Amino acid sequence: MTVAATNTPKSQSELGIILKGVCKDPLGLMGLIIVGTIVISALLATWIVPYDPIAMNIKDRMQGPSFAHLLGTDQLGRDTFSRVIMGGRVALKVALPAIFGAMAIGLTLGMIAGYGPKWLDNLLMLFFDTIRSFPTVMFALAVVALVGPSLQTVVIVVMATSIPTYGRVARTQTLTLRNSEFILAERSMGAKMSRILGVHMLPNIIGVLAVLAAMDIPGVIALEAGLSFLGLGVKPPTPSWGALLKDGYALIRQTPWLVIAGGLPIILATLGFTFLGESLRDVVDPKLRKNR
Amino acid sequence: MTAILEVKGLQTNYGDVNVLAGVDFTVQPGETYAMVGESGSGKTTVIRAIAGLAPAQAGSVKFDGKEIRGIGEAAMRPLRKDIAMMFQDPTGSLSPRLTIRNLITEPYKIQGMKDRDLDAEAKRLLEMVNLPSHFADRYPYQLSGGQARRVGVARALALEPKLILADEPTAGLDVSVQGELLNLLNALRERLGLSMVIITHNLNVVRHVADRMGILYLGRLVEEGTTEDIFKSPRHPYTNCLLSANPEPDPDARLERIALTGEPPSLLNRPSGCEFRERCPMASDICTNTPIWETAKGHGIRCLTPL
Amino acid sequence: MSDALLEIDNLCVDYETARGDLKALRDITFNINKGEIVGIVGESGCGKSTLISAILRLIAPNTRFRNGEIRFKGEDLLTASEEKIRSLRGSDISIVFQDPMQTHNPVISIGNQMVDIQHRSKAPKAEKRAYAAKMLAAVGIPDPDARLNQYPHEFSGGMRQRIAIAMALMSEPDLLIADEPTTALDATLEVQIIERLKNLQKDFGCSILFISHHLGVIAELCDRVVVMYAGAVVESGTVREVFHNPKHPYTKRLIECDPGHIKERARVLPTIPGEVPDLANLPSGCIFRDRCLQAMDRCTSVPPLTDITESQRAACWLNHMEAAE
Chain S
1 MTVAATNTPK
11 SQSELGIILK
21 GVCKDPLGLM
31 GLIIVGTIVI
41 SALLATWIVP
51 YDPIAMNIKD
61 RMQGPSFAHL
71 LGTDQLGRDT
81 FSRVIMGGRV
91 ALKVALPAIF
101 GAMAIGLTLG
111 MIAGYGPKWL
121 DNLLMLFFDT
131 IRSFPTVMFA
141 LAVVALVGPS
151 LQTVVIVVMA
161 TSIPTYGRVA
171 RTQTLTLRNS
181 EFILAERSMG
191 AKMSRILGVH
201 MLPNIIGVLA
211 VLAAMDIPGV
221 IALEAGLSFL
231 GLGVKPPTPS
241 WGALLKDGYA
251 LIRQTPWLVI
261 AGGLPIILAT
271 LGFTFLGESL
281 RDVVDPKLRK
291 NR
Chain L
1 MTAILEVKGL
11 QTNYGDVNVL
21 AGVDFTVQPG
31 ETYAMVGESG
41 SGKTTVIRAI
51 AGLAPAQAGS
61 VKFDGKEIRG
71 IGEAAMRPLR
81 KDIAMMFQDP
91 TGSLSPRLTI
101 RNLITEPYKI
111 QGMKDRDLDA
121 EAKRLLEMVN
131 LPSHFADRYP
141 YQLSGGQARR
151 VGVARALALE
161 PKLILADEPT
171 AGLDVSVQGE
181 LLNLLNALRE
191 RLGLSMVIIT
201 HNLNVVRHVA
211 DRMGILYLGR
221 LVEEGTTEDI
231 FKSPRHPYTN
241 CLLSANPEPD
251 PDARLERIAL
261 TGEPPSLLNR
271 PSGCEFRERC
281 PMASDICTNT
291 PIWETAKGHG
301 IRCLTPL
Chain H
1 MSDALLEIDN
11 LCVDYETARG
21 DLKALRDITF
31 NINKGEIVGI
41 VGESGCGKST
51 LISAILRLIA
61 PNTRFRNGEI
71 RFKGEDLLTA
81 SEEKIRSLRG
91 SDISIVFQDP
101 MQTHNPVISI
111 GNQMVDIQHR
121 SKAPKAEKRA
131 YAAKMLAAVG
141 IPDPDARLNQ
151 YPHEFSGGMR
161 QRIAIAMALM
171 SEPDLLIADE
181 PTTALDATLE
191 VQIIERLKNL
201 QKDFGCSILF
211 ISHHLGVIAE
221 LCDRVVVMYA
231 GAVVESGTVR
241 EVFHNPKHPY
251 TKRLIECDPG
261 HIKERARVLP
271 TIPGEVPDLA
281 NLPSGCIFRD
291 RCLQAMDRCT
301 SVPPLTDITE
311 SQRAACWLNH
321 MEAAE
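Taken in order, these protein sequences are the chains called S, L and H. If you count the first sequence from 1, position 233 lands on 233 in this note's numbering, and the numbers rise without skipping. If you count the second sequence from 1, position 231 lands on 231 in this note's numbering, and the numbers rise without skipping. If you count the third sequence from 1, position 30 lands on 30 in this note's numbering, and the numbers rise without skipping.
These are computed hints drawn from the structure, not numbers from a lab. Please note that the accuracy of each hint is not assured.
To be verified - Which residues of chain L face chain H? A few of them, derived with a C-beta cut under 7 Å, are:
#	residue
1	His201
2	Arg207
3	His208
4	Ala245
5	Asn246
6	Pro249
7	Leu260
8	Glu263
Stated by the list, open to error - Computed Cβ-Cβ distance ranges for the label pairs, DEER-style:
#	chain 1	residue 1	chain 2	residue 2	range
9	S	Leu15	H	Pro61	22 to 32 Å
10	H	Pro61	L	Gly193	53 to 63 Å
11	H	Ser53	L	Pro281	41 to 51 Å
12	H	Asn149	L	Glu127	56 to 66 Å
13	L	Asp82	H	Pro304	51 to 61 Å
14	H	Pro142	L	Pro55	30 to 40 Å
15	L	Pro265	H	Met101	13 to 23 Å
Unchecked claim - Below, in silico cross-link-like pairs of lysine-lysine (DSS-like), each with a Cα-Cα straight-line distance of 30 Å or less:
#	chain 1	residue 1	chain 2	residue 2
16	H	Lys34	H	Lys122
17	S	Lys20	H	Lys23
18	H	Lys122	H	Lys84
19	S	Lys192	L	Lys123
As the structure is a computational prediction, the values presented were derived from the model and not from experiment. Even glycine gets a Cβ: it sits at the ideal position worked out from N, Cα and C.
Work out the full structure: start from the sequences and follow the hints.
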């Protein structure tokens with residue numbers, strides 16, 4: 001409504017508005033808190049953990065929660081709480097670079113496909129479809145079997161298989177925007193393709209992709225956990241949520257704590273990122289924002 | 001004196017659809033030319049084809065004596081500062097994530113004029129279109145239609161172009177604001193010696209801004225002349241219908257009009273002969289022959305049974 | 001008045017927003033008699049759309065009815081049950097929207113859509129289809145039987161709007177609400193639609209509430225007109241009264257601004273400088289005061305909508321001065 005719009009107070013920074021909007025939404029705030037906790041604990045993991053997460057202490061094996069060991073210990077007497085915190089760092093080390101890498105590459109290729117000449121679009125779409133026809137998990141298993149399990153392998157596999165998702169969304173968005181009047185206006189002033197894509201398309205597309213990314217992160221965390229569960233992710237002494245689950249699964253009759261300690265963070269991270277993503281989706285669009 | 005814009009036989013096809021079937025018109029320096037037509041007449045395509053934003057398969061477009069049809073974007077770029085465009089949607093033609101300051105100084109950045117003080121230019125331009133300078137920090141969605149339209153005018157005038165191509169400059173504006181915009185355009189045109197092509201379906205607007213006008217029907221001009229002549233004595237029956245289909249805000253002025261029946265035919269299925277004959281109250285047998293373009297006293301019409 | 005079909009009394013509607021209550025409609029009072037065409041004219045932000053959604057009770061969740069009544073055939077629509085309202089919509093009250101390109105379902109043929117909306121009738125399908133064809137003919141669609149099989153995209157904008165009118169009239173409503181039905185159309189088609197509406201009104205005898213920002217169209221079609229500004233009625237009366245002898249400065253200025261009014265080429269066109277006030281932060285006094293050339297001290301208090309003649313009413317202190325003199 002124009003009446004309201006003309007009297008809006010002076011613009012704040014884009015990020016400030018987005019954060020404020022997320023905080024106003026209860027689910028968004030919850031997501032923000034969960035994600036914030038995971039990220040901060042991962043960053044400060046070295047200082048937070050009460051014990052060395054890989055130090056064994058056979059005497060104290062398979063204990064339940066106590067003040068000394070908040071989440072008990074595993075079959076080798078390692079402190080589970082310390083392993084959960086360090087496991088979060090591993091999870092983010094896989095998820096964040098993989099998703100942001102895929103987003104950056106997908107965005108660039110998608111915008112070029114959507115705005116560039118038809119033949120380039122066809123070529124890029126063929127490339128996307130080819131990659132998409134690889135099932136992520138099978139592809140990951142095959143690559144791991146070939147080059148051996150490691151963090152980097154997981155990152156690269158996830159990145160490669162996620163590129164088409166972002167590429168396609170970026171392309172669709174670009175196609176809908178390319179004939180809009182503001183893009184025509186830029187063309188009429190003689191703007192080059194790089195400027196049109198970078199200055200005018202990007203800010204209108206990035207929001208959608210950021211939301212998609214936030215919602216994809218839990219999937220990658222789960223994938224990493226799954227691969228580690230199968231023994232194909234990170235190598236054994238390194239703590240990981242999936243490895244915790246795997247150990248706990250084997251020992252579920254003796255102690256349930258390991259499964260809980262490995263499963264709960266995965267559930268929480270999934271919920272947290274999803275809430276944040278959904279809340280972001282509503283907030284990033286300035287046109288939706290003005291109606292609030 | 002060379003015409004600022006000379007369009008001859010301009011043709012545009014989208015696939016099989018022949019949108020422009022040869023459009024000819026000239027704009028002299030300092031002149032405002034209005035192209036009037038209903039939706040589907042191809043009027044938007046005309047200015048987009050001139051600016052190289054729509055295809056033009058045949059014909060000639062001369063800007064300041066130089067041919068610019070199909071010269072390619074690289075050759076066109078330096079000319080872009082002399083030809084500015086205004087688009088129909090006041091808000092939709094502004095990049096939504098940019099502040100007004102960035103929007104109106106965009107032309108300087110695109111043309112690589114790095115030596116300009118952009119803040120000062122933004123201030124000058126806002127002042128020129130009578131907007132307060134604190135609007136520089138706002139975003140397009142925070143503006144009313146009229147304000148957004150002014151920003152569009154400011155941006156179009158930033159580089160002091162020689163020619164402005166304006167698509168429905170009053171579309172989406174309230175009546176009380178429409179006048180403001182036309183006054184602004186008229187004043188700026190005089191001050192800066194601009195030439196303008198205005199595309200519109202609103203005849204009320206044409207009367208107050210245009211020196212000459214052309215009536216477009218199915219991608220072809222059917223009548224052309226000075227605004228005064230055409231309003232006083234339209235000669236093509238279609239023009240006459242358009243003029244009488246303009247309801248006045250007076251209940252006693254009801255029903256003094258020539259009924260125009262039906263709707264424009266499909267471009268895929270152009271009628272033979274005169275393309276208006278199926279809707280024309282004056283049509284007779286001879287109209288199935290191709291009508292000629294007849295010029296008398298600078299007032300051209302494409303009709304065999306003129307009024 | 002006994003022949004009133006729709007009576008709106010002191011209607012106040014707010015929107016609850018983050019910036020406080022947006023007072024979208026304030027003390028709206030007017031009525032529509034049986035068989036009458038009433039026009040509502042006003043510029044963006046005047047509350048036209050809120051008014052329509054209030055009448056049909058198709059409201060956003062943050063809408064609050066603060067005061068007033070909307071009576072349809074004597075029954076208050078604001079307190080009526082949801083079922084009652086649903087049974088009125090599309091049968092006793094129909095609506096034609098602004099954008100003809102978006103009112104029809106693109107994947108269902110026009111014929112099926114026109115049969116579907118007769119879901120309240122028990123008649124056999126063939127009969128419903130015949131009625132649909134009859135209605136298409138009534139709005140001037142040539143060859144209606146064949147065209148029933150076509151899909152919306154096969155019709156032009158003007159035809160689609162006529163089909164929308166045909167569909168709205170199928171239930172033989174008592175009230176047809178037309179929300180800017182000609183705004184998206186060219187002038188030549190606009191005239192055709194208006195002529196058609198006029199004739200249909202005579203045939204069907206329904207009342208029409210015609211909303212437009214186009215003064216010429218209102219003057220052409222309507223019996224009476226209500227002028228709205230920033231969520232309030234500033235003037236109402238017969239079209240002749242309001243267009244020939246406006247009693248509110250806003251109406252006067254609006255008519256002056258209409259370029260259809262100015263026959264000679266004008267160097268400077270009249271305008272109404274200033275902006276519509278912020279409805280979430282309402283200024284005191286007369287709503288038009290900031291933009292009014294004749295504003296005076298007395299305008300710091302809100303002028304009531306008072307009778308000027310038997311049929312004309314305006315909300316301006318100037319009329320009280322004239323009366324006093």
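Cross-check of the supplied hints:
The beta carbon of His201(L) comes within 6 Å of a beta carbon in chain H, closer than 7 Å, and the hint placing it at the interface holds. Because the closest C-beta pair between Arg207(L) and chain H is about 6 Å apart, less than 7 Å, the hint holds. For His208(L), the interface hint holds, since its Cβ comes within 7 Å of a Cβ in chain H; the closest pair sits about 5 Å apart. For Ala245(L), the shortest C-beta to C-beta distance to chain H is roughly 5 Å, which falls under 7 Å, so the interface hint holds.
With a cut of 7 Å, the hint placing Asn246(L) at the interface with chain H holds, because the nearest CB-to-CB distance is about 6 Å. Contact between Pro249(L) and chain H, as hinted, is supported at the beta carbon level, the nearest pair being about 4 Å apart and thus within 7 Å. Of the supplied interface hints, the one on Leu260(L) holds, with its beta-carbon coming within about 5 Å of a beta-carbon of chain H, less than 7 Å. Because the closest C-beta pair between Glu263(L) and chain H is about 5 Å apart, less than 7 Å, the hint holds.
At about 29 Å, the CB distance of Leu15(S) to Pro61(H) agrees with the hint of 22 to 32 Å. In this structure the hint that Pro61(H) and Gly193(L) lie 53 to 63 Å apart at CB holds, the actual value being about 55 Å. Between Ser53(H) and Pro281(L) the beta carbon distance is about 42 Å. The supplied range of 41 to 51 Å therefore holds. In this structure the supplied range 56 to 66 Å holds for Asn149(H) paired with Glu127(L), their Cβ-Cβ distance being about 59 Å.
Separation of Asp82(L) from Pro304(H) is about 57 Å and conforms to the stated range, judged on CB atoms against 51 to 61 Å. Checking the proposed 30 to 40 Å range against Pro142(H) and Pro55(L) shows it holds: the Cβ atoms sit about 34 Å from each other. Evaluation of the 13 to 23 Å hint for Pro265(L) and Met101(H) yields a pass: the beta carbon distance comes to about 20 Å. Among the hinted pairs, Lys34(H) with Lys122(H) is consistent with the structure: their alpha-carbon atoms are about 28 Å apart, no more than 30 Å.
Our distance criterion of 30 Å between C-alpha atoms is met by Lys20(S) and Lys23(H), whose separation comes to about 26 Å. Of the pairs offered as hints, the one joining Lys122(H) and Lys84(H) holds, with about 20 Å between alpha carbons and a cut-off of 30 Å not exceeded. As the CA atoms of Lys192(S) and Lys123(L) are separated by approximately 26 Å, the hinted pair is consistent with the 30 Å bound.
This entry satisfies every hint, going by the numbered hints stated previously.
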